[in-house]
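I would like the entire structure built from these sequences, with the hints used as guidance.
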Amino acid sequence: MSRLMTLTALALTAFATVPALHAANFQVDGSHAFATFKVGHLGIGNTVGRFNDISGEVDLDNGKIEITIRTASVDTQDEKRDQHLKGPDFFNVKQFPVMKFKATSVKPAGNDRFRVEGKMTIRGKSKNISLELIKIGEGKDPWGGYRLGFESTFTVKREDFGLDFMPGGIGSEVEIYVSLEALKK
Amino acid sequence: MFTPILYGVLLPLFSSALVVGAYVLATRNRSRRFSPFGIAALGIGFIGAYLGLRGMPSFPPNEASQWLLLAIPVASLLTAVQRRLPNRALALGSIGLFFATLFFAMLQPMFEYHWESFGLKALWLAGLTAFAVLFRWNWDHLEDHSRFGTLSVVGATSLAALLFALSGSMFLAQLAGAFAAAAGPLVLLSFWNKDLPVFAGTRDLFSTVLLGLTTMAFFYAELQPVTAILFLFALLLTGYTGLFPAHSLTKKIAVPGATAGAALAFAIIQSGF
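Going down the list, the sequences are from chains A and B. Take the first sequence: its letters are residues 1 to 185, numbered as in the numbering used here. Take the second sequence: its letters are residues 1 to 273, numbered as in the numbering used here.
Hints in this document: simulated from the structure, not taken from any laboratory. This structure is a prediction, so every number in the text was calculated from the model and none was measured. Incorrect hints may have been included.
As the list claims (entries may be wrong) - Below, a sample of chain B positions facing chain A; criterion: calculated Cβ distance under 7 Å: (1) 62; (2) 63; (3) 109; (4) 113; (5) 168; (6) 169; (7) 170; (8) 171; (9) 172; (10) 220; (11) 221.
In this text, a Cβ means the ideal position worked out from N, Cα and C, and glycines have one as well.
What follows is the structure, encoded as structure tokens:
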């Protein structure tokens, strides 16, 4: 009996350390997390920017993705424009310090792709969006951690989130690209 | 590019003019006394501009400007209530209660994310409310039919629009500009009939909009302390000119005008122009 218990314990320990690890809970690595956006400018060109402060948790198999971006970290390589983007005309960062995405459903779509439905909240306005998440890879890093990397490109209408300033000068559709690495907790 | 002019200037201007015109026609053969037409002209103009520029607000409000919008009908009621209160102390109390509630609602993000200690929160709320009561009481020095009063409303909100635009928020500038546009027909009316108490109905709405927008520009945009203090001081001085009704317009304007000019100069310098 005691041999059986020992074998069971060993089997469970071995199973728990099998490296098919995206079932585990991962924490977004802020140093390797990128969120950029591209929006039309005057119908002539594009303005591209990014957010530098991203955090969150990911558990693909349990359908959990929660990403938080600090709006004050917006960066478009122009200090004046960044100040304007942080103000009441756009992100209103003092009233809405963060924007969030919370998945409501994560379904495998084959070839390391996932169909993700979720709620995006910007400026206190929430809207359900749908996006495709592509797993880039996963594995051990040189520092003993275990990482998962993925990316997604999707488009939102800025007016849906109350970002409706300068309707003619700035395009309505904003293309967002997110690339994240997450560390197993 | 036409949208901000349409909703921020033309809509408040014409809707206010319609209300004023309707009032003049309706009271053609009667003596004209205080009536809520001034409040209606300003309130409809400002609310129309807000809805045109920003769309329908959520309820309950989830940002400061939506609280300000909600405060417009309440401020209008406040004007009506004050006229029925038996003494001045009660009227000032009702003003204090109104502004304390408004600031408490508008500054929720500051309470939640930025000010940690209870003392700091209480200090800001008490300080702003005390200033708002002083500000509102101060404008009582100008007589109900003061043409200088209605002109000052347009001048102050126009200057506010400039300051807010220079302080990083075109939206707040558009709202201040919309209020100035809505007040335009009231100025014309006060000049057309100098015995009409046009200014009487504007004080509460004017104080609410101006102090509400300035609060947002200071806490949520980039209105700098020096500019804000000079601007508000200029407005306090404008109210005090009511203590000297015999002074010429030039004399009345000189000191508040110079202070307001200094506020504008600071805003221009700080904006980097």
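Hint by hint, here is what the structure shows:
1. Residue-level restraint check for residue 62/B holds (minimum Cβ-Cβ distance to chain A is 4 Å; threshold 7 Å).
2. The criterion of a C-beta within 7 Å of any C-beta in chain A is met by residue 63/B, whose closest approach is roughly 5 Å, and the hint holds.
3. Nearest Cβ of chain A to the Cβ of residue 109/B: about 4 Å, under the 7 Å cut. The hint holds.
4. A cut of 7 Å between beta carbons decides the hint on residue 113/B: the least distance to chain A is about 5 Å, and the hint holds.
5. A distance limit of 7 Å between C-beta atoms decides the matter here; for residue 168/B the minimum to chain A is near 4 Å, and the interface restraint holds.
6. The beta carbon of residue 169/B is positioned within 7 Å of a beta carbon in chain A (closest approach about 5 Å), and the interface hint is therefore held.
7. For residue 170/B, the suggested interface contact is upheld, since its CB lies about 5 Å from the closest CB of chain A, less than 7 Å.
8. Proximity of residue 171/B to chain A holds as hinted, the smallest CB-CB distance being about 5 Å (cut-off 7 Å).
9. Because the closest C-beta pair between residue 172/B and chain A is about 6 Å apart, less than 7 Å, the hint holds.
10. The interface hint given for residue 220/B holds, since its Cβ lies 5 Å from the closest Cβ of chain A, which is under the 7 Å cut-off.
11. The interface hint given for residue 221/B is met, as the beta carbon of that residue sits about 5 Å from the closest beta carbon of chain A, less than 7 Å.
This entry satisfies every hint, going by the numbered hints stated previously.
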